[in-house]
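Enquirer: Each chain, written out:
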Amino acid sequence: MSEEAIEAVGDYKYGFHDPENHTIRFDKGLSEQVVRDISELKNEPEWMTDIRVKAYRHFEARAMPDWGNCNLLESINFENVTYFLRSSNQTEKNWDDVPDDIKNTFDRLGIPEAEQKWLGGVTAQYESEAVYHSIREDLEEQGVIFLDMDTGLKTHPELVKKFFGTVVPHSDNKFSALNTAVWSGGSFIYVPKGISVEMPVQAYFRINAKNMGQFERTLIIADEGSTIHYVEGCTAPSYSTDSLHSAVVELVAMEGAKIRYSTVQNWSNNVYNLVTKRAVAHKNATVEWVDGNIGSKLTMKYPSVLLKGEGAHAEVISVAYAGEGQHQDAGAKVHHLAPNTTSNILSKSISKNGGRSSYRGMLQVMPKASGCRSKVVCDALILDENSRSDTYPTMEIGNSSADLEHEASVSKVSSDQLFYLMSRGFTEEAAMGLIVNGFFEPFTRELPMEYAVELNKLLELEMEGSIG
Amino acid sequence: MSQEMLRIENLHVSVDGTPIIKGLNLTINRGEIHVIMGRNGAGKSTLANVVMGHPAYEITAGEIHFQGRPLDELAVFERARAGMFLSFQYPAVIPGVQVGTFLKKSVASVRDDPPKGRAFRKELNEAMSKLEMDKSFLSRYVNDGFSGGEKKRLEILQMLLLKPSLALLDETDSGLDIDALRIVSKGINEIAPEAGCLIITHYQRLLDHVKPHHVHAMIDGAIVKTGGPELALELEERGYDWLDTAA
Ligand SMILES: Nc1ncnc2c1ncn2[C@@H]1O[C@H](COP(=O)(O)OP(=O)(O)OP(=O)(O)O)[C@@H](O)[C@H]1O
Ligand SMILES: [Mg+2]
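Keeping their order, the protein sequence lines are chains A and B. Quick note: the first sequence, position 51, residue 51 per my numbering, numbers continuous. Throughout, my numbering is defined as the position within the second sequence, counted from one, plus 1000.
Among the hints, erroneous ones may be present.
Below, computed lysine-lysine pairings styled on DSS-like, alpha-carbon distance capped at 25 Å [said to hold, decoys possible]:
hint	chain 1	residue 1	chain 2	residue 2
1	A	K457	B	K1105
2	B	K1116	A	K457
3	B	K1104	A	K457
4	B	K1151	A	K412
5	B	K1105	A	K412
From the structure, some residues in chain B lie toward chain A, with a derived Cβ separation under 8 Å [unchecked claim]:
hint	residue
6	H1054
7	F1077
8	Q1089
9	A1092
10	I1094
11	P1095
12	G1100
13	V1110
14	A1119
15	G1145
16	F1146
17	S1147
18	G1148
19	K1163
Examples of chain A residues lying across from chain B (beta carbon under 8 Å, computed) [said to hold, decoys possible]:
hint	residue
20	P367
21	S415
22	D416
23	Q417
24	F419
25	L421
26	M422
27	F426
28	T427
29	L434
30	I435
31	N437
32	G438
33	F439
In case anyone wonders, no lab produced these hints; they're calculated from the structure. Glycine is no exception: its CB is placed at the ideal position from the N, C-alpha and C atoms.
Chain A on its own, in the form it takes in the complex:
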């Protein structure tokens, strides 16, 4: 990286970028033709083209959300976004075959190394499409399907058609409509009945080009009694102009299945991260969202679970870190549709240097859903006077047998904690780093160890050079 680049990037160590080499790059801007062109380029079946066009029309007609951060949302210029960029003509199965500059990026991000050590499969998406994809042979032999979404649509059209848009319909919100219209890449996973995938599978999303829009679409189906842990990571270069990341993730956990979906979102501070993540949990199924938001300019994301079958369980653990110029509007939504369903929501946020974090939550218990239990805990830590934290919890309780707990706290780092740590040799910055890592610990301990270590380092870096 050049010195200027380092200066521009500051502490964000993933802010480097490669020269933009691409085989296909659409002109900026969005129209029905762009949507049709994407579909045609990908040789998609007609039904998918139709869904895209319908979604595009909905996107055009749909107003911006009038909540969250309206000013920032209104400042998105959809005409200044590149909606499709292909940087490699195929998805490789071997890292050596990935074009050098792209491969270097993923090397620097430590992906191939992680794959060898502790992953059951990897997909690496660069701009609009996957450039690398692999799955362990033993998983493949057991019938586990782990593909990038484009390949999934080609090879398993009936499965995709059956589930696509059933959890997050295109009309859910403006950004799910946008994603449905222009989606590209993402993961497609099917775990057959009774199969437990022990090692996590990972997807890594990288935006490299300026003003890029990344619209991956992920669909995970865990058949009866199966389990899967999916991990995603995301980074982008730091540019002075904005990029847009608008994904849709749909999870289907069949009877007795368990899906854990872990995210460490570390976009650079010029990325709008507007993502719809939702899961359906059937009878006795468990869905766990482990959702970390460290980067981005604006994140609006509320992983949700529809507890549709009796005895289903939802677990949402999320953390958000809002530093200078960042707004993390995150939270969780759980809908108890069936009796005896249970949920736990834990949300932790840190605001610093004028950053803003909001918890937005929804807990719904339907009239027929008797015997439900839910616990919601929101903790906010505010590190200075300029920073802000809000909570917007909504509860709609239609069944009086529900057993509900709600706790919320807003705290500051106490001078006694700082003094204690400093008396043990920690500088003020190191002390802050330790306290912040401790605050996020209930989240961090749920991550694979490699991610946890990385996240702790990241937060310690965030505490550096900022205490006067």
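Dock chain B with the ligands against chain A, hints included.
Expert: Only chain B with the ligands this time, still in chain A's reference frame:
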């Protein structure tokens, strides 16, 4: 010659404009154990905190020197690195931070040549077994949900690992059961020969285990009487009223 660890001269300290310490003098040399006794609110913890550099306290007059060096030029963490240690009367809780991680980082920041990896674990194990602490402490969060006695034991464990040359022990004996008192005293006696120790206590029972060289009575922010171990006994028997006229 004896080596001077701490020298306090005519110290005056205020909190939010209220004077708490009012003209205090004290010198502690290497190998000396000093005890300070005094009523609740006399200013004992204030003294310990101010020596360690707590930002809430304002030194309005006087000087503090550590090993001949004026302390006002050292930040709190630098005092720790220079060899000063405070065992807190009320140790802070640090949620989510495991004791093991905390100790390792603390030792790494304080000691010049910190033991690493296996050497650190060995030293840690030895210190813990000396203090009869179970290994399970290491995965608990710092002082989170600790009983009073457990907190004090963790303070002493830190002291053993950080090997200070000046130890300020603020009511480390309070709330300890008989066995814990004996164990904690063992820790103090281990570092005492090479360090200067200032022990703040209300009870002479600690002095069954730790032999002080000097005992000071503190009244209203100043030391009004100094004696040997017999003064501790006398204070415990007679209380502080008989000293009030001296203040
Ligand atoms: N941070 C503070 N803010 C306000 N007042 C304080 C502060 N620290 C100490 N004080 C006051 O200073 C006085 C001395 O307090 P200090 O804690 O030093 O007493 P102590 O001798 O240690 O008492 P104890 O035996 O109860 O521990 C008390 O009146 C106390 O309320
Ligand atoms: Mg005290």
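Enquirer: Measuring from the C-beta of B/P1095 to each C-beta in chain A, is the shortest one below 8 Å?
Expert: holds (5 Å)
Enquirer: Do the alpha carbons of B/K1105 and A/K412 lie within 25 Å of each other, as the hint requires?
Expert: Holds, at about 23 Å.
Enquirer: The hint names B/A1119 as touching chain A; please verify it with the least Cβ-Cβ distance against 8 Å.
Expert: violated (18 Å)
Enquirer: Measuring from the C-beta of B/S1147 to each C-beta in chain A, is the shortest one below 8 Å?
Expert: violated (18 Å)
Enquirer: Have a go at the B/G1145 hint: is there a Cβ in chain A nearer than 8 Å to its own Cβ?
Expert: violated (14 Å)
Enquirer: Under the criterion of a CB-CB separation shorter than 8 Å, is A/N437 in contact with chain B as hinted?
Expert: holds (7 Å)
Enquirer: So, as I understand it, the hint says B/H1054 touches chain A; can you test that by seeing if any CB pair is closer than 8 Å?
Expert: With a minimum Cβ separation of about 5 Å from chain A (threshold 8 Å), the hint on B/H1054 holds.
Enquirer: For a C-alpha distance cap of 25 Å, please report whether B/K1104 and A/K457 respect it.
Expert: holds (16 Å)
Enquirer: Can you verify the interface hint for A/T427: is its Cβ closer than 8 Å to any Cβ in chain B?
Expert: holds (5 Å)
Enquirer: Can A/Q417 be said to touch chain B, with a Cβ gap under 8 Å?
Expert: holds (5 Å)
Enquirer: Have a go at the B/A1092 hint: is there a Cβ in chain A nearer than 8 Å to its own Cβ?
Expert: holds (4 Å)
Enquirer: For the restraint on A/F426, tell me whether the closest CB of chain B is nearer than 8 Å.
Expert: Result: holds, 6 Å to nearest chain B Cβ.
Hint violations for this structure: numbers 8, 12, 14, 15, 16, 17, 18, 19, 20, all remaining hints satisfied.
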